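Visitor: Each protein sequence line maps, in turn, to chains B and Z. The letter at position 334 of the first sequence is residue 334 when you use my numbering, and the numbering goes up by one with no holes. Count along the second sequence starting at 1, add 1000, and that's the number in my numbering.
Hints may contain errors.
What the hints assert, rightly or not - Chain Z is faced by these chain B residues, among others (derived, beta-carbon under 8 Å): (1) Ala112; (2) Thr189; (3) Pro219; (4) Gly222; (5) Thr224; (6) Val236; (7) Val248; (8) Leu249.
As the list claims (entries may be wrong) - Covered, in the sense of this in silico footprint (three residues per stretch, anywhere, with C-beta under 8 Å from a C-beta of chain B), are these stretches of chain Z: (9) 1045 to 1051; (10) 1107 to 1113; (11) 1132 to 1144; (12) 1148 to 1162.
As the list claims (entries may be wrong) - Non-contacting residues of chain B with respect to chain Z, defined by C-beta distances greater than 12 Å in every case (computed): (13) Leu20; (14) Ser45; (15) Leu62; (16) Leu80; (17) Pro118; (18) Trp129; (19) Gly320; (20) Ile336; (21) Ile368; (22) Ser451; (23) Asp467.
Hints were generated in silico from the structure; no laboratory data involved. Quick caveat: nothing in here was measured; it's all calculated off a predicted structure. Beta carbons are placed, not taken as given, at the ideal position from N, Cα and C, and that holds for glycine.
Residues per chain are reported as follows:
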Amino acid sequence: MAETISTHGAAGAAPHLDYLEDPKGLWSWLTTVDHKRIGLMYMWSVLFFFLVGGLLALLIRLELLTPKQTIMTAEQYNRLFTLHGAVMVFLVIIPAIPAALGNFALPLLLGAKDVAFPKLNLASLYIFWIGAVMAVSTLLLGGVDTGWTFYTPYSTSTGGGVSLMVLAAFVLGFSSIFTGVNFIATIHTLRAPKMGWFEMPLFAWGMYSTAVIQILATPVLGITLLLLVMERVLGVGIFDAQLGGDPVLFQHFFWFYSHPAVYIMILPAMAVISEVIPTFSKKTIFGYKAIAFSSVTIALLGFLVWAHHMFVAGMSLFAGAIFSFLTFFIAIPSAIKVFNWIATMWRGSISLEAPMLYAINFLLIFTIGGLTGLFLASLSTDVHLHDTYFVVSHFHYVMAGSNLTAFLAGMHYWWPKMFGRMYNSRLAAIGCGLVFVGFNATFLPQFVIGSRGMPRRYYNYLPQFQDLHVASTVGSWILAAGLFLTAAYLLASLRGPKTAPANPWGGRTLEWEANSPPITHNFEGQPVLQHGPYDYRANPAPVGVEDAH
Amino acid sequence: MTTATHTGHAGDGNSKFLQHHFREMGQQFEAAKLGMWLFLVTEVLLFGGLFVGYGIMHARHPEAFMAAHHHLDKVMGAVNTVVLLISSFTMVLAVWAAQTSRRTLCILFLILTLLCAGVFLVVKYFEYSHKFHDGLLPGKYYTHQGDTVPGQFMFFSFYFMMTGLHGIHVLIGMIAILWILVRAIRGDFSSQYYSPVDITGLYWHLVDLIWIYVFPLMYLIS
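Generate coordinates for the entire structure from the input sequences, incorporating the hints supplied.
Guide: Here is the structure:
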């Protein structure tokens, strides 16, 4: 495969230990500054919290199996869905792809030895852990029942651990900012020689756009959350109408971050898909620049649409119309990407390995999620659909489903690189099928329930909604089965010997030039770019693809 | 391309401070500087949220904010503004001294910068204790008697949040400068390697700049 120049000698040179074993010991992991180890520790942390958030989701779905109280009280239900939302958003979806997969893969894709600021990278992991402990320990204070959006005035008047949860989100913001700063500096300064901006893998463009949002939006959330804590502790008055403040101002402040944050969740997913699809289609990506610039466009336009969460919160019709128009507008760059991916697959030599199956999953789920977003962007339909299960289903399609399938695509794609082991590809295909069926079975019915008027965040409902709720709950079990199966065969693969080839999928980007798993410094010498990241013309029959089975 | 030729900065030699993942000092310097600028962007947006909140609440309660700002001591505010401006100037000189390998001067200017920062905090301490004494406190702790215009507590909410957050930044800046000072005394910096002084300087200028906006917004509204 290698058409890059490496300065190391032939295969006879003394073998280096891979990064997993050099050096050994728990302490060496806790004090490491190696981006690959930090990425892995992020990944295990994210997976742990995914398990926590997922179990909470299963409990929520179980409660909704019957119209009346099933297994918990209304108050417990409120705390449960709040914790589910906060854990999934702040501890899973936001860090999943950038902090876990991005940390592992970005320097490798750029041909760099590490990120620009390795110590800052480790600091971000520890800050993440501190924030995570704070978020989960709110349970000891009686939980939080505000929903993950912490809307005032309820969040300034209710008891429990709201302040601690809000501070946890503030702390987690720092971890996100540090990752963003690191990635932008890395992409600017540590690209391999001869790698211009348009020779970068598209994953790097996605990470760059994500980092721009992390840097521009997260501080605003930070100060908003601090103001909320101050409101609770000191009664400063800014969000309290009785004191001359404005509760809706909180919503503006909050969504000024949290809408761009939606793109912190989806842009990295798109970044992974842009790598996986050309590799398994054995074809140059269609519309490289269109994909790259649409990422940047999404990052910038994402700042101009926040008020579409607030069409019914009391806003002038004129402002509403502008935000509605801008929201429609942002669908364009997303659609450009989807069309480009499909055009890449067109007449490609597609091999349906697990990462590609997940990528196709992503295309379907993201398209459903994106198109249903247009209903919510229209002012008149949003009045009907606002705060119903239609919204719940829509944002689970884009935030949960798209992000999750892309994360799984990336994990399956880079798993051999991370651990030097292949997994059972037949079980992977079954797992992927279960995830797809389970996810759609869970959330498609919710579109229907929502459009018929079932409001979100209620622990009981009218009897006529029960059939579809049962379907949704059964879907959640199928989804869980798929995910547990995935966890089982992935963990089982770790017990085998490290036999994965350096380039199991026949990819053309630089990470496949490194060993599987790579040595601590990634490459023996400095790789130099010889061809574009998706140039499949020069070498139509990639070596090593047989080893994948 | 961001490689190879950064003759403007570090010369050709790679010093012992070159980290393993950079090819040469110029690249390392560029990364550090870019990283600090990005961090400063986040700081501007952090304070930006507070400024926007202040602006909106000021527009809604102009009389209360007007009446409340008369409780502030303009002289102390002005003194602190001048002190911070001087500290920014000495910081620039410290960076220059580091760039030109003037170790003693660098140490001297860093100490002067630290002194100015200390004076700022001392003045702030006196201002705060005066406010505490008069009950001019944020939110529900506001106990000042004899107001003719109601709602002045909100001005002091913002006063303490903005000057408090700024004060924390001054403290962090002092810690950073102290660390740079120790390294300067140790003799780490030269024309070959001075990026820590440079980026600490950038941070310090931002802390200064934020005060330049806080001062007129709080002390000089009319």
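Visitor: Against chain Z, with CB atoms and a cut of 8 Å, does the hint on B:Val236 hold up?
Guide: holds (4 Å)
Visitor: So B:Asp467 supposedly isn't at the interface. Is its beta-carbon more than 12 Å from every beta-carbon in chain Z?
Guide: holds (46 Å)
Visitor: Measuring Cβ to Cβ, find out whether B:Trp129 lies farther than 12 Å from everything in chain Z.
Guide: Fine: 21 Å to the nearest Cβ keeps B:Trp129 off the interface.
Visitor: The hint names B:Thr224 as touching chain Z; please verify it with the least Cβ-Cβ distance against 8 Å.
Guide: Since the shortest Cβ distance to chain Z is 6 Å, the answer is holds.
Visitor: Taking beta carbons only, do three or more residues of the stretch 1045 to 1051 of chain Z come closer than 8 Å to chain B?
Guide: With 6 residues close enough to chain B, the hint holds.
Visitor: Minimum Cβ separation between B:Ile368 and chain Z greater than 12 Å?
Guide: holds (34 Å)
Visitor: Taking the closest pair, is the beta carbon of B:Ile336 still more than 12 Å from chain Z?
Guide: holds (27 Å)
Visitor: Quick check: the stretch 1148 to 1162 of chain Z, covered by chain B? Criterion 3+ residues, Cβ under 8 Å.
Guide: Since 6 is at least three, the answer is holds.
Visitor: Does B:Gly222 hold up as a contact with chain Z if the rule is Cβ-Cβ below 8 Å?
Guide: Interface hint status for B:Gly222: holds (6 Å vs cutoff 8 Å).
Visitor: Hey, does the B:Pro219 contact hint survive, CB to chain Z under 8 Å?
Guide: Given a least distance of 4 Å, the restraint on B:Pro219 holds.
Visitor: Please settle this one: B:Leu62 was flagged as non-interface, so is its CB more than 12 Å from every CB on chain Z?
Guide: holds (40 Å)
Visitor: Does B:Ser45 really sit off the interface, with its C-beta more than 12 Å from all C-beta atoms of chain Z?
Guide: For B:Ser45, whose nearest Cβ neighbour in chain Z is about 23 Å away, the distance exceeds 12 Å, so it holds.
Consistency with the previously given hints fails for numbers 7, 10 and 17, ordered from lowest to highest.
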